[in-house]
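As they're listed, the protein sequences go chains A and B. Start counting the first sequence at 1; every next residue gets the next number (the working numbering). Start counting the second sequence at 1; every next residue gets the next number (the working numbering).
Source of the hints: derived by calculation from the structure; they are not laboratory data. Fair warning: there could be bad hints in the mix.
Unchecked claim - Straight line, CA to CA, 20 Å or less: simulated EDC-like cross-link-like pairs of lysine to aspartate or glutamate: (1) K79/A with D57/B; (2) K19/B with D39/A; (3) K78/A with D29/B; (4) K51/B with D39/A; (5) K51/B with E67/A; (6) K19/B with E59/A; (7) K79/A with E50/B; (8) K19/A with E59/B; (9) K79/B with E67/A; (10) K79/B with E50/A; (11) K19/A with D20/B.
What the hints assert, rightly or not - Simulated DEER-style distance windows between Cβ atoms: (12) I76/B with D57/A: 31 to 39 Å; (13) K19/B with K19/A: 23 to 31 Å; (14) A18/B with I60/A: 34 to 42 Å; (15) E40/A with D57/B: 36 to 44 Å; (16) K79/B with C54/A: 35 to 43 Å; (17) D39/A with A18/B: 20 to 28 Å; (18) K79/B with E59/A: 18 to 26 Å; (19) D57/A with D20/B: 31 to 39 Å; (20) I76/A with E40/B: 31 to 39 Å; (21) I58/A with C54/B: 34 to 42 Å.
Unchecked claim - If you want the footprint, here are the derived chain B segments under chain A, 3+ residues with CB under 8 Å: (22) 22–28; (23) 37–46; (24) 49–62.
All values derive from a computational prediction rather than experimental measurement. Where a beta carbon is used, it is the ideal one built from N, C-alpha and C, also for glycine.
There are 2 protein chains.
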Amino acid sequence: MSWFGNLFKKETTSAHIAKDRLMIAIATDRQNSLIPNMDEMRAEIIRVLEKYICINDIEIKKENKGEVDLLEIEVIMKK
Amino acid sequence: MSWFGNLFKKETTSAHIAKDRLMIAIATDRQNSLIPNMDEMRAEIIRVLEKYICINDIEIKKENKGEVDLLEIEVIMKK
């Protein structure tokens, strides 16, 4: 079990996500050179979301913490 | 800041992801009815990964914890 899985296991029991939201996190090692077109890939994932979800608002956050690059996408859907 | 963001903030400082891996997590409320084609959307996101990454192995895990449906995708890339 990865740290990624573990941290979700810990948190999801008490966690709550509003019914109108979807959250996506993408994590990679900062030194990762195996995804040369990472920005393009991320943009295409967002286009997939737009295709399936009526998006009201979208918040995209990039973070670099320690060895990990993290992209968080929070989608607020239209009811 | 969402719980989703918060839990990453806590964990990523000490966290490590191997250089050949990419992790994606998708979280939604279990009662969410705003994404009627969720399974199809997830499949399409995986197809985007396959387009940009030389995948060696992929592990997909679905979990239902409390109010949260969580999909974890762990991709091991070819070096």
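Checked hints:
no. : hint                         : verdict
1   : K79/A with D57/B             : 37 Å, violated
2   : K19/B with D39/A             : 17 Å, holds
3   : K78/A with D29/B             : 15 Å, holds
4   : K51/B with D39/A             : 13 Å, holds
5   : K51/B with E67/A             : 25 Å, violated
6   : K19/B with E59/A             : 27 Å, violated
7   : K79/A with E50/B             : 32 Å, violated
8   : K19/A with E59/B             : 27 Å, violated
9   : K79/B with E67/A             : 19 Å, holds
10  : K79/B with E50/A             : 32 Å, violated
11  : K19/A with D20/B             : 34 Å, violated
12  : I76/B with D57/A: 31 to 39 Å : 34 Å, holds
13  : K19/B with K19/A: 23 to 31 Å : 37 Å, violated
14  : A18/B with I60/A: 34 to 42 Å : 25 Å, violated
15  : E40/A with D57/B: 36 to 44 Å : 23 Å, violated
16  : K79/B with C54/A: 35 to 43 Å : 40 Å, holds
17  : D39/A with A18/B: 20 to 28 Å : 21 Å, holds
18  : K79/B with E59/A: 18 to 26 Å : 34 Å, violated
19  : D57/A with D20/B: 31 to 39 Å : 35 Å, holds
20  : I76/A with E40/B: 31 to 39 Å : 21 Å, violated
21  : I58/A with C54/B: 34 to 42 Å : 29 Å, violated
22  : 22–28                        : holds (count 7)
23  : 37–46                        : holds (count 6)
24  : 49–62                        : holds (count 6)
Of the hints listed earlier, those the structure fails to meet are numbers 1, 5, 6, 7, 8, 10, 11, 13, 14, 15, 18, 20 and 21, in rising order.
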